[in-house]
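**Q** Hey, can you work out the whole structure from these sequences and the hints?
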Amino acid sequence: MRVSVITFPGSNCDIDSRDVFADLGHDSRTIWHKDTDLQNPDLVVLPGGFSYGDYLRSGALARFSPVMKEVISFAKQGGYILGICNGFQVLTEAQLLPGSLLANENLDFICRHQYIRVETGNSPWTHGLDKGRILDIPIAHKKGRYHLDQESLKRLEDNDQVIFRYADEEGRITPEANPNGSVNNIAGICSENRRILGMMPHPERAATKAVVSSDGYEILKAFESYLASGN
Amino acid sequence: MKQVEITPEVIEEHGLTSEEYEYILSIMGRTPTIVELGIFSVMWSEHASYKNSVKLLKTLPKDGPYMLAKAGDENAGVVDIGDGLAICFKIESHNHPSALEPYHGAATGVGGILRDIFTMGARPIAALNSLRFGLPNNFDTRYLIREAVHGISYYGNSFGVPTVGGEIYFEPCYEGNPLVNAMAVGLVKHDKIARSAAKGVGNLVVYVGAKTGRDGIHGTTFASVEISDESASMRSAIQVGDPFYQKLLLEATLEVINAGLVVGIQDMGAAGLTCSSSEMAGKGEVGIEMHTDRIPQREEGMTPYEIMLSESQERMLVIVEPKDYPAVEAVFHKWDLEVVVVGEVIEEQVLRIVHDGVVEAEIPPEYLILGGKAPVYTRETQEPEYFQRLKNTDLSKLDLSQDPAKELLAMLAHHNLCSRAKVYQQYDHMVQIGTVVEPGSDAAVVAIKGTDKAIALCTDCNSRYCYLDPYEGTRAAVAESALNVAVSGAKPLAISNCLNFGNPYKPEIYWGFGQAIKGMGDACRALDTPVTGGNVSLYNENPESAVYPTPVIGMLGLLEDMKLAITQFFKNEGDLIMLVGNQPQDLGASQYLEMRHGMVAGKVPKLDIDAHKRLIDLLQELSSQKLLKSAHDVSDGGLGVALAECLFGNRDLGAMVTLPTLDNPILSLFGEVQSTVIISFKPSDLEAVTQLVQQAKLKHWILGEVTSDGTLKIKDTLELSTQELYSTWRDALQLK
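Line by line, the protein sequences are chains A and B. Counting in the numbering used here, the first sequence runs from 1 upward without gaps. Counting in the numbering used here, the second sequence runs from 232 upward without gaps.
Quick caveat, the hints were computed from the structure, so don't treat them as lab data. Do not rely on the hints blindly, as some may be mistaken.
Each computed DSSO-like pair below joins lysine-lysine, with the alpha-carbon atoms no more than 27 Å apart [unchecked claim]:
id : chain 1 : residue 1 : chain 2 : residue 2
1  : B       : LYS930    : B       : LYS946
2  : B       : LYS844    : B       : LYS928
3  : B       : LYS837    : B       : LYS928
4  : B       : LYS684    : A       : LYS209
5  : A       : LYS209    : B       : LYS860
6  : A       : LYS143    : B       : LYS653
7  : A       : LYS209    : B       : LYS420
Covered by chain B, per the in silico footprint, the following chain A stretches (three or more residues, Cβ under 8 Å) [claimed, not checked]:
id : region
8  : 12-20
9  : 44-58
10 : 87-98
Cβ atoms here follow ideal geometry from the backbone N, Cα and C, with glycine treated the same way.
**A** Here is the structure:
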């Protein structure tokens, strides 16, 4: 597949994301935010980092980058987009996903391993994964508390758009297992057409031979198998 | 600009002695201008000139088979790791700014050291920090800690470098004068190493990065001499950092270096434009003519004095051939950064500062720089009164009848021994997807992209040891750092150091400084780990006293195969546990002695450096033969604390242990030793392991085995659940 990772000024997981897809044998590249050609991708990745230094609000300025016009039109045409961490924040700011990401409940930056539970197999990103599957996917953010008004939240839940929830080792969804105070322990959601995924945890940080967890491969490979199955 | 008269008061306010001013007169052959006086003042300050330390520093070993750039040659040492790759690393202090404004002080400390690394063409791949504060039992100190940690977290996380290790300790002597030492580590190809010397008469001097403001100018001086009408409003002397801007500067800088467009490059850290321009000219044995009116300025009406002395962050000076300038300009414009030609390289060996057509300063750079003709001193030394007294304290009458179980829990909850997760979890330690061993083990291990190799990194200094005996304590710091990378599976290669001491004009302080340098040199020579560079921070004092001598060692180790990385944590039920090394003689200098008896006294545990070297070589051999399941250095807190720490990776495990001697459990568990490790391995490997240990002529004891019952059982001594040990240790540190 062809993967285009967007580099905003201040992105710092763009190279990580590009390399993880390249290691899996995909044609993967970074696209500078001032460019307007997405280079015909099968997947667009909005990576983690601090686009525009998090000025104003995380992701708030990145959505005005020249390349975002193309990303939004790619989305409208039914393109696949993965937004990780700051990328998730950009997706909510660009209103490609509902809700917003607020400061963590404890107001500190948190970097650690985190268990998340697969909430549905009905998404390109969890295709073939069992509901209830527990994955160790690292988090690293200061503003990751997912928030949504009650009515929209109900719609999100009813539509089965919650893809991942923060859980403990046994898969229990408890306040103790919630690192940042996200509503309903939400760690990742998809769009109504299910093709856009936003998640705070970093699957690309659990998908190299060097690092401690390799559970990120599960998410990347689910997407590969989904595309391969011709959906 | 009004010409300021050079009066004795002005000279004194610039921190120059009357002898130094006489020297300036003899160099210049006339009265200096205020800009010249300012330049001499910052370049001859302790911070830039190392005038009271450089003679001693020159005794440290700098050579080694792996050294590509030696200490003092460049911004940071460069160490070969094979395959045409090299590691560039350095540790530096930002103590005083952090005492006054912990958030920005710590943040700009991180920013400054990262800039030192990428100025050399190296991409930062890891950061560490070594922190010391007063006791965390009052609001003010906890505020300092929290804000310094936030500052480091803010800068390193946004910049995108994994902060993988370091240390944090608390002692009353750091109250009011915390130590914030930051280390950065970069990766560079041999043929892309950038140099700092200015070369080629007619080449352009190019200013890139952020605009220059009034931040960081040594505030009191210019305010009191009324240099300009503008400067009446005092600005903070603390620099403010912008990691977002620095991330852009990193990418643009590496882009022009890798494209071969750079003749020389130097970042602007301490003493800003003054230091960068004079060092580049001095090292290249050329002159530089620079026009301060062309420098991009953040505010109006800045004088050449202010421009030359500003310590605004995220700026660089680059020497470029005129034909390459358009390409350089294009790169910096792409990243939306300032890029301006501010001068040129000239043949006459002089630093000439011109403002609006008027020559404001003209100084031969050799008189300004370290290694040139700047003043150097040797200070008076005096062994402190306490030294013999504390060393010879009688510890034989101590009551050692306490309950070992209660004492182990108390030790694990002690602020100097408990979990640091509340600190390091605020640092992004996983970005760049190469963190093989995360914070919390003896050393961090970071993969080298595109290879099977990895590097091991740690910082170490037991300052209690250095206070009781600066020679032995510093030797021990080098030894411990080497052992920490060795237990992680790496070969120790080289060190950087950050020497935090009190006022060098006090003979007792200078004595300690000299002893520490001697200890460091001896240990580094014995372990074949040259000193690649570092930093000296003096005048670390609060109204009560100086800080403990704190020579922090940053160690670099290499693993040829990242899969050989080892952690301290026990892995499997049934594995055998062996202690290799030494048994404590007494409680001298131990954390336990301080915690239970309130005493900082006794002899620092004895270090046999030859045995230490054999232990490091043994660990290399054991790990290359894949015989080890875990390895952990026994250091602060002794064997008891180290054993508990081995269990914190998997709390379902326990251990059944018999101490080498049952004479005195408190001494066995909490006495401190050098050159001692706990290893675990498969029972079937017992013979192979024992044979290698015997060949190394090291003492060893089979302590017992790893169990699956989640309990630490020490025969006839204590029985505690791993979960209780773990939660006591995990929850003890209070930062809020």
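**Q** Next, verify each hint and record whether it holds.
**A** Each hint, compared with the structure:
{"no.": "1", "hint": "B/LYS930 with B/LYS946", "verdict": "holds, 21 Å"}
{"no.": "2", "hint": "B/LYS844 with B/LYS928", "verdict": "holds, 11 Å"}
{"no.": "3", "hint": "B/LYS837 with B/LYS928", "verdict": "holds, 17 Å"}
{"no.": "4", "hint": "B/LYS684 with A/LYS209", "verdict": "holds, 12 Å"}
{"no.": "5", "hint": "A/LYS209 with B/LYS860", "verdict": "holds, 19 Å"}
{"no.": "6", "hint": "A/LYS143 with B/LYS653", "verdict": "holds, 17 Å"}
{"no.": "7", "hint": "A/LYS209 with B/LYS420", "verdict": "holds, 23 Å"}
{"no.": "8", "hint": "12-20", "verdict": "holds (count 6)"}
{"no.": "9", "hint": "44-58", "verdict": "holds (count 7)"}
{"no.": "10", "hint": "87-98", "verdict": "violated (count 0)"}
The earlier numbered hint that this structure contradicts is number 10, and it is the only one.
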